[in-house]
Each structure stands twice: as structure tokens, then as C-alpha cells.
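Each protein sequence line maps, in turn, to chains F and V. Under the numbering used here, think of the first position of the first sequence as 1, with each following residue one higher. Under the numbering used here, think of the first position of the second sequence as 1, with each following residue one higher.
Any given hint might turn out to be false.
Under 8 Å between C-beta atoms, here's a sample of chain V residues computed to sit facing chain F [stated by the list, open to error]:
| no. | residue |
| --- | --- |
| 1 | R133 |
| 2 | F215 |
| 3 | L218 |
Subject to a maximum C-alpha distance of 16 Å in a straight line, what follows is the list of computed EDC-like cross-link-like pairs (lysine to aspartate or glutamate) [unchecked claim]:
| no. | chain 1 | residue 1 | chain 2 | residue 2 |
| --- | --- | --- | --- | --- |
| 4 | V | K94 | V | E80 |
| 5 | V | K186 | F | E33 |
| 6 | F | K365 | V | E196 |
The set of hints was computed from the structure by calculation and includes no laboratory data. Just so it is clear, CB atoms sit at the ideal spot from N, CA and C, and this is done for glycine as well.
In case you want the letters, here they are:
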Amino acid sequence: MKEGVLEKLKILAESAKYDVSCASSGTTRRHKEGMVGSASGWGICHSFTSDGRCISLLKIMLTNYCIYDCAYCINRRSNDIRRAIFTPAELIELTIEFYRRNYIEGLFLSSGVVRNPDYTMERMVHVAKELRTTHRFNGYIHLKSIPGASQELVHEAGLYADRMSVNIEIPTEENLRRLAPEKDYKSVYQPMRYIQQGVLESAEERKRFRHAPRFAPAGQSTQMIVGATEETDRQILELSSSLYQRPSMKRVYYSGFIPVNSYDKRLPALKQVPLVRENRLYQADWLMRFYGFRADEIVDDAYPQLDLEIDPKLAWALRHPEVFPVDLNRADYEQILRVPGIGVKSAALIVATRRHSRITASTLKKMGVVMKKAQYFITCGELSIQTVNEVSPEHIRRLLVPRRKEKTGSPDQLSLLFPE
Amino acid sequence: MLVFRYDKSFEGLLTAIFDAYTRRTFPEQLIGPGEPLPMFASELFDVLTDTQKAERVWRGLGKKLRREGCNLLTHVWLSETAGCDDLLLRYIRKVFDSSGDVSTDFADRDILEARNIALKVSREAEHLRQFVRFRKAADGTFYAPVSPIYNALPLAIPYFRDRFADQRWLIYDLKRQYGYYYDGQKAREIAFADGETPPGDELTEEQMDADERQFQTLWKAYFDSMAIQERINPQLQRRQMPRRFWKYLPEFNF
Ligand code: SF4
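Using the sequences and the hints, build the whole thing.
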């Protein structure tokens, strides 16, 4: 490999790292004769950076040159940073060599805009096409669509990519235009629609012809920056919720705003990245996708912001004491899922066990139920004296708010896993 | 107290279960060769491992449990935790002695415990899929050393066989001194005989492909560049990537 690749890799990884989505899930593809690799379906994290984020794909930019000037972006044209361009051959070799060593699941390619959106998109598609056809690469490919790219190019991209994404970045159009004067919602939603069309058409085709080409089989995802503008969690979650209504939309990612361009006065001067808020948004998102919650149950007029001290499921439960206690020996799965401290796995165990035996408090703990929380919201045969209706919600809240660690102040409660 | 002695193989365990049912007496404890007899042992029965008996038990289990149920049993066995054979014996008895499907009665301590152990083993197998790192040797073989806490390597092999089907590789468990070699067609279990040098933590400079160091350097550079200083959180990193895996990761040891 030629000299200079190491420097390019550093520069273009630095430039790509703020795009949070790492997941490589959604496609299962067994190995094919004469091809390199497979896709595992659930998305494997092969490493974790020192900030604790998953590395699943080689997330990299084709180039960080950009003609646009988005206020929140490190790569904006007015920044004086080191710039580089990968040749397709360099990028392909890196991807395949990393892949063969089990470092990565595949490639996540994005790019700054050079000349114009179509010119840029064409180069990205070229890399994906070369990987798939000439190099027979069967691993995962995520392509970020360039805002404003043409339908033809998006369509071609979908033939080689497993997943595509277009980032909304800012939760209202007005603020997007203020911070990214070259962009508007049309430039975001248009390619999203193209992707959706491609996915739906290919699904139709494949019903009739089994071998019709697959189009972005892992659908699409998007990202919003949190805390760069004044939108409430309610606005953010309502937008996510409406995005999830779209058939091909698989994931919405939330990225706590990092002031990379602190000189730009249109942006707030945050002392700290809003990591707790970001985490709460992921938990709320999780509630919508796996726990049957609607956005307006999590945030509403009276509570437009997520509670930073307690997780959104507990917050909901404390606002709705009338729903509790839930009788674990009788209630539906859906009701059990709403109990703080009970997650998807333990709820399934409870329901399975009930066909044989009565659930008692002593087995719950070993099933993985967090009794510290759950105890106030359940009954299971025994007399329960301490439910949320006897003890007040305010009191339970005081008991459950984690006491702040004096020393570190670091958010060690923080994890992208849902704490149940 | 009745004690069965067997050869500490999975087939041996299944044979023991077969024998217990034919004898209609069940051991209260299982021991391996050379293990001291428990103090209150009143009778010792020596199990002779028999593939046919083992297969009959396994087929019987296949009929009563679904495939996940049988998988769970192998996971528990591979945990190698103390007493996991006694647990399996009790579990399998419960399966055979009940008319319905007991495997979902998690109010039963043994059933729940077996499930929890199996979960830990399958997490370890996932860790192998995540953190195995191949180094390319000069002869073109890709080599990865591992030392998982549970004997989870066999569970991860299907993933490697599928994904790396067009390259030769060797994954070697240094703790248990055995591994799997894939020759481009088939993966088979291998161990190194006495007198042969088993592979180690790292390939030597002579063994290594000329480009290998370069790709490790590139990977480490990429890994370091991805960290966002404003978000540093080593606790979160360690929770998701336990320390014990770090020694084989080029992103940490180079
Ligand atoms: S178009 Fe993309 S790369 Fe260019 S400044 Fe905007 S966000 Fe950054």
C-alpha cells in the first residue's frame, strides 16, 4: 500500500467520526462461492472506542473537502483543517484487508460535497460498485446519500448498499436552513423518498421474481443532532415517531451536539456534550420501537422534555400510578413490559413460566428483574404493601434517583443499553 | 449416597444418564477420573462411555426439547463451570420425567440456572465473534489466538467458517490448547502433540506476512482517530469490551 494512506486514513476518520450511526444490522447474507464474506443480520461490534461507542464498520469519508458550510460540521469549507481524498483503490484495499482480519463488518462511506451532489454521489457509488462486482465483496455496505443527489444515482447506490442514510441533522427546517444555508428539508426528504421507493419496488418485484435485485435490504436510517438548536425532546421524538411510520426507516440516531466550531455564534456555547439527554432519547426511542409506547405518552404538553434524572419508562410510570400495581400472574405481556425494572427478556420469561408455576418475588430477581425499581409496581400473589399507590410517586422518585457521585461527576450510569 | 464416575466427556454424561435410567437409580453426584470419592459415598458406579447409548439419550432429548432446548444443554456443558454436569443431570431428568415441556418453567431453580449459564456462554461466543483478530502469516494462513473464560469457541466456528470461507485460518484457544483449522474447504479441530510447538500469543516476525504490521498500524490509527475527546468514557468502553480480550487486539497492543 502506498505511502500517505496512513495520513489519509487519520484525516478522513477524524472527519467521519461524528456521524453516530454504527449499526451494521438488518441484512443476513450467507457466504457465496467465490465471494468475500457474509452479513450477520444482527450487526457485530468489533471494537469500542475510548468513548465507549461501537465500531462495527469502517466509517470513513471519501473526502472531507466540501463546498458547503454547515455550521455544526467540522468539514465545512470555512474551516482550516487538513483535507484529503481517497482513491477508490485505496479505500477498497483497506476495507477488504480490515474485513479479512475480522476488524469490521464492512464499510460505511460518506463524503463531503465536491463540485455538486451528483458528482460526489457518483464517486461513492463507484466505490460500492467496485467492491461488490470487481472485488466480490459480500460484507456490509452503508452508503450515506448526499443531500440533493439525483434519483438515478440513489437508485444505483441501493443496488450495492445494504443500508442507506440521509441525515436530517436539525429537527426543524427553519433551524436547518439557518445553520446549513445550502440545505433544506427537500434536499433531505427527497433522497429519503427515493430510497423508500427503491425498497418498496424491489420488495414488490421480488414477490414475483425471486431473483430480482435487492435494494438496500437493511432499509435506511437518519440522524439528528441534539442540543445545537432549541427544539424540545417532544419535537424530536414526534419527528422520530413520524419517521418510523415510513416503511423503510429502520433507525433514527441521536447525536449530542459537540461544539466543533465554537467560533460560530449561531451555535450555543455548551460546556459539556449533552450525553445524558442523548441517552434518554435513545431510551425513549427504544420504548417506541420495542415496548409499544407512543411518542405522546413519553413527552407531551405538560412534559415536553425528558427527565434527565430518571429513565423515561420510570418517569411514565410515576405519572401513571393508576395503571399499577400490575399482577404478574395475570397481566398481559404488554402490561408487564410497562413495569419499570422489567425488560423484554424478563417479561418473556415471566409469561413462559406462568404456564407452569406461579410467579413469586424470589424468582424474579434471578430472572433479571431489577427489583429495586419493580417492587413498587407489581404484585405477585403475596401481599404487596409498598406499591406506588401506598408510597407516593414523589417518594419513590426520591428513592430511585441515583445519588450523584461527588468525585468524578462522570455519567457512569450512561449506557446505550436500555436499563429496563 | 450413590456416585457415578465418568470420563468427563459430554458423551460420557449422556451415557451416565442412560445407565441411570436402565438401573433405575440416580446418582446424587458425578465425579471424574481421579477425583476423590465424596465422604458419604456408599456406592460407586463406573460409567463406560458408549456412543450408541449417548446418541439414544440425545435423540430422546431432541424429541422432547426443541432445538433451542438442546442448544441450551450444550451451552451449559461448554461453560465448564463446577457442578454443571450435576445441573445437566437434574435438568435432563426433569425433561424426561415430565409429560409437558418443563424447559420454560423458570420458577424451577435448575431450569432458570441452566438458562442463565447458557446465556453467559453465548455471550462469550459473541465476544469471540467480536474480538477475534486475525494476523496474516507469511504462508497466507490467518491466525488468531483466543482464551475465552468458557469453552465457547466451538459455538463461534460456524460464523468464521461462513464469513472467512475463502481464506485459510487457524483460531487457537491457548487456555485449552486446542483450536480449529480451516483449509479452504472444511474446519477441523486440531491440537498440537507433545514435542510440537503450539502457536503463541503472537506470530513471530519470520512467521508474519510482510504487510501484516502495516495493516495493524492502519487499524490502530483508525481506532485512535475514531475516539471523540469530548465524550471519553473508559468505563463504558470496558463494560462492552472486557479487559481480558485486550491482549490480542492490535488496537491496544502494538
Ligand atoms: S455538506 Fe456535509 S460535509 Fe459538507 S459541511 Fe455540510 S455536513 Fe459537513
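Fill in: Hints that the structure is at odds with (numbers, increasing)
Hint check: 4, 6 fail, others pass.
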